[in-house]
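Participant: Top line first, the protein sequences correspond to chains A and B.
Counted from 1, the first sequence has number 575 at position 394 by this note's numbering; the numbering is strictly sequential.
Counted from 1, the second sequence has number 257 at position 76 by this note's numbering; the numbering is strictly sequential.
No lab work stands behind these hints, which were simulated from the structure alone.
There's no promise every hint is true.
Because identical chains cannot be distinguished in the list, a pair is counted as satisfied if it fits within a single copy or across any two copies.
Lysine-lysine pairs mimicking DSS-like chemistry, simulated, CA-CA at most 30 Å apart [as the list claims (entries may be wrong)]:
#1 K436 x K466
#2 K360 x K466
#3 K360 x K493
#4 K592 x K310
#5 K470 x K436
#6 K470 x K263
#7 K388 x K405
#8 K309 x K531
#9 K413 x K582
#10 K528 x K504
#11 K578 x K212
#12 K470 x K413
#13 K582 x K493
#14 K413 x K540
#15 K265 x K406
#16 K263 x K466
#17 K540 x K592
#18 K493 x K578
#19 K388 x K592
#20 K413 x K263
#21 K413 x K310
#22 K540 x K360
#23 K518 x K493
#24 K592 x K360
#25 K436 x K265
#26 K542 x K406
2 protein chains.
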Amino acid sequence: MPKMNAFYAQSGGVTAVINASAAGVIETARKHKNRIANVYAGRNGIIGALTEDMIDTNKESAATIAALMHTPGGAFGSARYKLKGIEENRREYERLIEVFRAHNIGYFFYNGGNDSMDTAHKVSLISKKLGYPVTALGVPKTVDNDLPVTDNCPGFGSVAKYVAVSTKEAALDVLSMAKTSTKVFVLEVMGRHAGWIAAAGGLAGRKSADAPHIILFPEVPFNKKAFLARVKECVERYEYCVIVVSEGARYENGKFLAEAGTRDAFGHAQLGGVAPVVANMVREKLGYKYHYAVADYLQRSARHIASATDVKQAYAVGQAAVKMALAGETSVMPVIKRVSDSPYRWKIEKAPLSRIANKEKMLPPRYISSDGFGITEAARRYLQPLIHGEDYPPFIKGLPKYVELKAVAVKRKLNTEFVV
Amino acid sequence: MPKMNAFYAQSGGVTAVINASAAGVIETARKHKNRIANVYAGRNGIIGALTEDMIDTNKESAATIAALMHTPGGAFGSARYKLKGIEENRREYERLIEVFRAHNIGYFFYNGGNDSMDTAHKVSLISKKLGYPVTALGVPKTVDNDLPVTDNCPGFGSVAKYVAVSTKEAALDVLSMAKTSTKVFVLEVMGRHAGWIAAAGGLAGRKSADAPHIILFPEVPFNKKAFLARVKECVERYEYCVIVVSEGARYENGKFLAEAGTRDAFGHAQLGGVAPVVANMVREKLGYKYHYAVADYLQRSARHIASATDVKQAYAVGQAAVKMALAGETSVMPVIKRVSDSPYRWKIEKAPLSRIANKEKMLPPRYISSDGFGITEAARRYLQPLIHGEDYPPFIKGLPKYVELKAVAVKRKLNTEFVV
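With the hints as constraints, model all of the structure from the sequences given.
Facilitator: In structure tokens:
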């Protein structure tokens, strides 16, 4: 087989461990120099391919690539940029193939979520049509854990750990102050339309008296009356109430709580997320003193408290993608297959991109307690292994030592500009 | 000297390391059983003394007390409850002394901030007048770092570390997405009227291109025009802008940004903090995509990323308070005296409570850069040692193993109820 280059790109929202997948791809490719001469990484994701702005990963030392294992964010730059359908946007696909051809790129590793898997699949298809077949593989990544087929997604375990740890810690704070101060604490977490991250907050407690007392999932239509009744019950029974709310929490009619129609004095839609909306309901109807936190990017970048399981799996899917590509597979994605819950065992399998693309996996009803405000034992069995283990980055002078790339550009070969 | 009991209480907002001070008090007292028979802890702080609801710390094992070293929150319960002036509220002081007398309590260790030092001082004074002299010592604690005399306050180093680490991590996330997504990220931090915590965010970067690009301190009157100009400059120059804003940021006229007069559709003052207010300004005037995080209690309870320096100092002030009491001191507080910046050396000295009580220490002008948006080298020299070192709690099944007390109540001796 001829020796070719590979193109690697990060896509969509980044995670605490997406760079571990990059390390998996690059280190594995380096072990097969006879097949993969170099890995070029897209600067700012797929945009780097379209604009022929690629980073030469061969210019990075082995130590730098290894340090990606503990560096959060997207080291090469990621992009929220969706290639549309081939018919609508043939120009972009053709451009990708043009750049790939110019740089002798025969492998495409796309590290992202549902949309990216759709793109990788289309690139595989169109490349054949255009007479330059590219081996296109997906590398799964999303904090939302909403990819189908795979048991879980790299990126999720770490945000789950962050949310579980933070909920537990903040709950101790609130509990110790509840007698004379804050009684209700609301923590807003990510997850889009899926309640996986919110569910992870549930790991913070075990008994009904433990925080969080209420989880608001996107999968359970929000019932204000039942919610407020539960808050009141918790405060009366336990002296405090901790609520984890998903940014995607919504009413029966599908409207998000965060778009509850409240406007500021200038008529602007109320800013910010769902936490202040929920906190405001509590204040208005029950009058309890409250605090709220919006974890936002802190949760998905918190490499300092990453899950060791997650780091391992993020690396493994990157590594497996390269191995699959070298074994002649294309249009597939490595998926994590759970072998057993306890002891937790998993292995890597492959799934066709067509089964992954554009599908969302919601929290199944069996993971949500019958009252809709908590998680079940089945959910705990699923979630617990994913947050298992600590994998601290090195620290220097009190701060994590995260790596910075040289990020040397690959010499351009085309004379054409391409505007994205 | 007669053998007496000690009373220990936590006061005000808790921290990630206030329990380490408790461990310092209790373990040191246990080494002097001939002088201090038992340490009784107030359940919910000083309220526990007033209502004769005290926890018998002798019922807790040595392992439990040692585990307080790595457990956040206030293990005995804290209270926001200020004893007013003696003349206004003689009843409460008399009640305290009544309870102390009934339980043979000769030592009072009050673990708190400015207000608490005032209370401890008054207790010392009035106890003599009432013919039952109590040895009253302060044990410093506040995340706000605003106590005078002491070089820094236990509790601050850990929140400073959390804020510096989180700023650094979130900045990597934003930077990697900035090309096509969020360009401005706002992190709201605590600190009340003092900018110490916000300043700690400045440790995340060193060069002007590094995040945070803007810090908004309570000590620097907010100038909207200058702020927006700087945001624009950062986005144009670096492609992104990270802002750390103190909850206490305010306008020239003293009005808090968070009380900017915006109201929701129902006429309620806009909820939540200053981060959405600042983010909204950016959106309105510059139109950049933004995100914001409100760290709230997460920052002060994050024992998982506590500063090792802070944990040591928190223990040391608890230990020193007991030693000072046994040496016959009263109405004093152990303070941290910095001997050198680098290598960082410190020792414990003592200061009279009258010098601490009701005073706030603001961030000095020499720690704020001339443009008002950053920190100086002097600030770095001061702050850096305080976040130095990691002191991870033990983990079990992916979560920190925090200790829970038996919290056995001391048998009541008085037949009187006291309503607080």
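Participant: Hints first: check each against the structure and report whether it holds.
Facilitator: Against the structure, the hints:
Taking the closest pair of Cα atoms, K436 and K466 come within 30 Å of each other both inside a single copy (21 Å) and across two copies (28 Å). In this assembly of identical chains, the alpha carbons of K360 and K466 lie at most 30 Å apart only when taken from the same copy (20 Å versus 43 Å across copies). When the C-alpha separation of K360 and K493 is checked against a cutoff of 30 Å, the pair qualifies only between copies, where the shortest distance is 29 Å, while the shortest distance within a copy is 43 Å. For the identical chains of this complex, K592 and K310 are intra-copy neighbours only, at 27 Å inside a copy versus 85 Å across copies, given an alpha-carbon limit of 30 Å.
Taking the shortest Cα distances, K470 and K436 sit within 30 Å of each other both inside one copy (27 Å) and across copies (22 Å). Proximity of K470 and K263 under a CA criterion of 30 Å is satisfied inter-copy only: 18 Å between copies versus 44 Å inside one chain copy. Proximity of K388 and K405 under a CA criterion of 30 Å is satisfied intra-copy only: 24 Å inside one chain copy versus 48 Å between copies. Taking CA atoms no more than 30 Å apart as the test, K309 paired with K531 passes inside one copy only; the shortest distance there is 21 Å, against 78 Å between copies.
In this assembly of identical chains, the alpha carbons of K413 and K582 lie at most 30 Å apart only when taken from different copies (29 Å versus 45 Å within one copy). With identical chains, the CA atoms of K528 and K504 are at most 30 Å apart within one copy only, with a shortest distance of 14 Å there and 57 Å across copies. Proximity of K578 to K212 under the C-alpha cut-off of 30 Å is found in neither arrangement, the shortest distances being 35 Å within a copy and 35 Å between copies. Taking the shortest Cα distances, K470 and K413 sit within 30 Å of each other inside one copy (12 Å), while across copies they are farther apart (37 Å).
Taking the closest pair of Cα atoms, K582 and K493 come within 30 Å of each other both inside a single copy (19 Å) and across two copies (23 Å). Within a single copy, K413 and K540 get their C-alpha atoms no closer than 38 Å, and across copies no closer than 38 Å, so neither meets the 30 Å cut-off. Taking identical chains as interchangeable, the C-alpha atoms of K265 and K406 are never at most 30 Å apart, the minima being 42 Å within one chain and 40 Å between chains. With identical chains, the CA atoms of K263 and K466 are at most 30 Å apart between copies only, with a shortest distance of 28 Å across copies and 43 Å within one.
Within a single copy, K540 and K592 get their C-alpha atoms no closer than 37 Å, and across copies no closer than 62 Å, so neither meets the 30 Å cut-off. With identical chains, the CA atoms of K493 and K578 are at most 30 Å apart both within one copy (27 Å) and between copies (16 Å). Proximity of K388 to K592 under the C-alpha cut-off of 30 Å is restricted to the inter-copy arrangement: shortest distance 28 Å between copies versus 60 Å within a copy. In the homo-oligomer, the alpha carbons of K413 and K263 lie at most 30 Å apart only across protomers (27 Å), although the nearest pairing inside one protomer, at 45 Å, exceeds that limit.
Neither within a single protomer nor between protomers do K413 and K310 lie at most 30 Å apart by alpha-carbon distance, with minima of 63 Å and 45 Å respectively. Proximity of K540 to K360 under the C-alpha cut-off of 30 Å is restricted to the inter-copy arrangement: shortest distance 26 Å between copies versus 47 Å within a copy. For a Cα distance limit of 30 Å, the shortest separation of K518 from K493 inside one copy, 14 Å, qualifies, whereas the shortest one across copies, 44 Å, does not. For a Cα distance limit of 30 Å, the shortest separation of K592 from K360 across copies, 21 Å, qualifies, whereas the shortest one inside one copy, 65 Å, does not.
Taking the shortest Cα distances, K436 and K265 sit within 30 Å of each other inside one copy (27 Å), while across copies they are farther apart (49 Å). Proximity of K542 and K406 under a CA criterion of 30 Å is satisfied intra-copy only: 28 Å inside one chain copy versus 46 Å between copies.
Hint check: violations occur at hints 11, 14, 15, 17, 21; the rest are consistent with the structure.
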